[in-house]
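Colleague: Read top to bottom, the protein sequences are chains X and G.
So the first sequence is numbered by this note's numbering: it starts at 1 and just counts up by one.
So the second sequence is numbered by this note's numbering: it starts at 1 and just counts up by one.
One or more hints might be untrue.
Stated by the list, open to error - Under the rule of at most 20 angstroms between Cα atoms (straight-line distance), these lysine to any residue pairs were calculated in the SDA-like manner:
1. X/56 x X/221
2. G/68 x X/147
3. G/53 x X/489
4. G/111 x X/415
5. X/145 x G/106
6. G/212 x X/393
7. G/212 x X/261
8. G/53 x X/336
9. X/273 x X/287
10. G/53 x X/401
11. X/150 x X/277
12. X/48 x X/261
13. G/53 x X/261
14. G/111 x X/147
15. X/364 x G/205
16. X/145 x G/98
17. G/53 x X/390
18. X/145 x G/108
19. X/150 x G/108
20. G/146 x G/68
21. X/150 x G/93
22. G/183 x G/144
23. X/393 x G/93
24. X/393 x G/94
25. G/53 x X/182
What the hints assert, rightly or not - Now the in silico label distances, taken between C-beta atoms and shown as ranges:
26. G/270 x X/355: 48 to 54 angstroms
27. G/188 x X/64: 53 to 59 angstroms
28. G/68 x X/351: 39 to 45 angstroms
Said to hold, decoys possible - If the Cβ cut is set under 8 angstroms, some of the chain G residues that face chain X in the computed set are:
29. 14
30. 17
31. 46
32. 49
33. 58
34. 198
35. 202
36. 203
37. 250
I should point out that these hints are in silico values taken from the structure, not numbers from a laboratory.
Beta carbons: idealized from backbone N, C-alpha and C, even for Gly.
Each chain, letter by letter, is given below.
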Amino acid sequence: MVYKFMVYIALLVFGIGLTYNLSNWFRFSIGINGEGTTPWTRVRAAFKGIGGLFTKEQLSVMGNAFVQQILLQKHIREQDRLRWIMHMLIFTAFTFLLIFHALDKIIVTPLFNRFYLVMNPWLITAGLIVLAGLSIALWRRYILKVPRLKTSGMDLYTIIILFVIILSGLFMEITKLSSYDYYQKIWWVHIIACLFGLAYLPFSKMFHMITTPLSLLANAVMDENSDPANIATRQVMELDACTHCNTCSRHCSVGVARDNLGNDNILPSERMKFLKEYVADKNISTRKLRGIQQGITLCTNCDRCTVVCPAGINLRELWFSVREEMIRREQPVDLMMTPFSYFRGLNHQRIDQEQYDVPLASIKNVLTADCTSAPELADTPIVLAQEDDALTKALAHSGRTESFAYCFSCENCSTVCPVVVNYADSQQNLDLLPHQIIRSVALGLKDLATGSRMLWNCLTCYQCQEHCPQGVKVTDIFNKLKTVSVEDHK
Amino acid sequence: MMKYTLFVGCNIPARVQQYELAARSVAAELGIELVDNPEFKCCGYPMQTSDNKTFLLMAARNLALAEKEGLDLMVLCKCCFGSLKKAAHQIQLDSRLRDEVNTFLADEGLKYSGTAEIKHFLSVLYHDVGLKDIKEKIIDPFTDLKIATHYGCHALRPSDVTRFDDPVRPTLFDELVKVTGAKSVDWPLQLECCGAPLMGVNDSLSMDLAEKKLADCNRAGADYVCVGCPYCQMQFDRVQQMMVSERELSYKIPSFVYPQLLGLAMGIPGRSLGLEMNMLDITTLESFIEKETEN
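Turn these sequences into a full structure, and let the hints guide you.
Modeller: Set out below in structure tokens:
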């Protein structure tokens with residue numbers, strides 16, 4: 001009686017959780033793809049999309065994805081053999097236990113009438129196989145210490161709940177003959193663990209057994225030209241499909257930056273973890289926002305995360321879309337002024353022009369706020385009282401940049417600069433010319449040196465530096481000035 | 001046999017795959033053995049103007065990995081090349097920095113001491129393979145083909161660090177083009193920047209610079225631009241394509257990476273050089289191959 005009641009409760013919670021998650025995929029949106037959609041348009045688009053899948057071609061693509069990626073888990077096998085063995089052990093044996101043991105009344109009994117063994121060797125073997133897989137999982141996390149593999153509370157819960165289910169099950173089988181009393185106690189542990197796992201499944205990492213196959217199938221048949229409403233839905237669903245397995249972070253091109261800067265959001269897997277919470281509640285602290293902005297902008301768009309993701313998540317598109325949302329928020333992002341913006345520029349036709357300029361204008365305003373342009377300066381004498389020793393010291397300290405002192409204002413640098421040449425009235429457009437920046441440094445005029453539009457439109461083509469007769473490392477100095485300015489505006 | 005560890009960087013595998021494909025095809029024919037290292041990550045280039053320490057660590061880790069293998073690096077991208085060279089230069093000048101870098105690298109059991117040489121692909125072809133050996137492999141030379149060679153800033157300059165070629169009057173790339181039978185045209189803006197570093201920061205300025213260069217190529221009568229860097233290639237290929245609609249360009253000068261040109265002259269089929277992977281059509285290049293006279 002109690003048992004039945006518990007089963008129904010667990011099933012009910014599971015059902016509610018499942019429905020809730022499913023509704024989130026259509027209600028929530030993240031990034032720019034969901035702009036202007038309603039849950040209703042998203043549901044309609046999804047039905048239309050699914051309806052279009054029943055062609056011979058699409059079915060064969062999905063069939064192939066099902067066998068290769070869902071059953072054989074090709075992506076994992078190619079990346080990490082040990083992890084594949086671990087996952088296959090758990091996946092196959094647990095599926096076996098689910099079908100032939102948990103659901104035996106529905107599946108086994110009708111097939112094999114009165115099939116019963118006191119100590120079922122099949123069950124024990126399957127349990128041991130799962131245990132072996134779980135042991136490898138623990139070993140990878142705590143002894144092997146796979147680089148950048150972070151263990152969240154959820155990762156730990158997943159391992160623990162499986163351990164409890166399997167261990168209690170094994171003990172149950174073993175104690176069946178020896179002590180009925182003991183068996184009964186263990187039976188309760190086993191049942192409670194199983195039912196808890198079931199009820200909590202939609203809210204836990206275990207939910208990936210539904211979403212990851214879905215993501216693999218969806219990504220097999222979708223591309224960037226698919227209906228944006230469907231992409232928006234898929235991108236929310238992909239957050240549930242992520243198992244926080246760390247394959248992406250292991251391969252991330254800029255992982256070294258995270259190791260040095262200590263910002264976990266630079267790693268794709270940690271960004272996914274953040275986004276899972278963010279999608280439901282977008283009110284976050286300024287500190288958190290800055291962290292995620294740095295994380296998602298400090299990305300070379302090398303595609304590695306997308307190529308290796310075992311859940312088939314199209315991370316490239318997710319980052320592109322989420323980045324837009326993050327950089328348009330209240331905080332300006334300094335990395336927008338670096339070549340990390342190249343990919344966004346290359347794709348500027350995919351972004352609404354007005355919105356495209358917003359984050360760029362906001363950071364440019366911050367960085368150039370304190371600069372007076374040279375034409376304006378012509379009428380008023382420069383006040384040297386604002387002299388900044390810290391700047392000259394910072395430059396004098398680092399090898400090549402101390403060369404600013406040798407400048408005698410021959411203006412060669414400004415003559416060869418392709419950016420200067422590009423404007424008929426260059427001072428109006430750039431505030432200062434390169435030689436004036438170098439002079440400002442020598443005079444300790446920090447606001448002038450770091451705030452001119454010339455500095456922030458420098459190509460780093462090194463023409464100025466190459467042509468300086470005095471050996472002033474003009475471009476190196478410019479690079480240093482930018483880092484000083486970025487540091488100041490943090 | 002020449003042996004290098006191949007450094008492809010971030011852009012090539014994601015957006016300019018034809019460069020890697022063509023470079024590998026050509027290297028195999030010329031007896032260059034390339035060793036891959038999946039542990040290579042970003043060279044640090046985009047980090048240079050915001051955080052020098054992080055930049056150095058990113059670059060140094062790659063150099064240390066090459067050192068561990070005991071191999072010199074063959075770098076395809078000129079920005080990767082420049083950035084690795086600059087990082088090595090900084091670390092070698094400053095023992096305090098070297099210690100900081102090595103403390104960081106020690107976590108992974110790596111160490112930078114500066115023994116692995118950093119070479120750009122074009123330098124490998126010119127200096128290590130040599131024009132003579134390349135010439136021997138040319139079986140389908142071009143004729144009447146006019147090429148504008150684009151050197152790329154970060155390989156040429158700062159020349160005291162990169163030591164790629166004469167920064168004011170370089171010849172390395174032109175000679176590599178000439179060996180295929182093509183003509184390398186003179187064009188005043190040859191050594192100027194392609195504009196890529198400002199794409200995404202100031203798109204109109206970036207395109208102004210690319211447009212000026214293309215107009216200059218056009219005036220010089222070039223049929224194509226030839227580059228040795230993925231950034232330059234994207235700028236003259238994908239961005240030029242965008243400029244056709246955004247700026248109503250009246251001409252198109254398609255661009256390709258050098259191994260595509262060399263490969264064709266060596267008789268390597270177009271599909272092994274990724275000719276169809278370029279955005280602007282360059283398959284017309286094959287029509288410039290000298291037709292052998294039957295009698």
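Colleague: Taking each numbered hint in turn, which are not upheld by the structure, reported in ascending numerical order?
Modeller: Hints 4, 6, 7, 12, 16, 20, 21, 25, 26, 30, 37 are the ones this structure does not satisfy, whereas the remaining hints hold.
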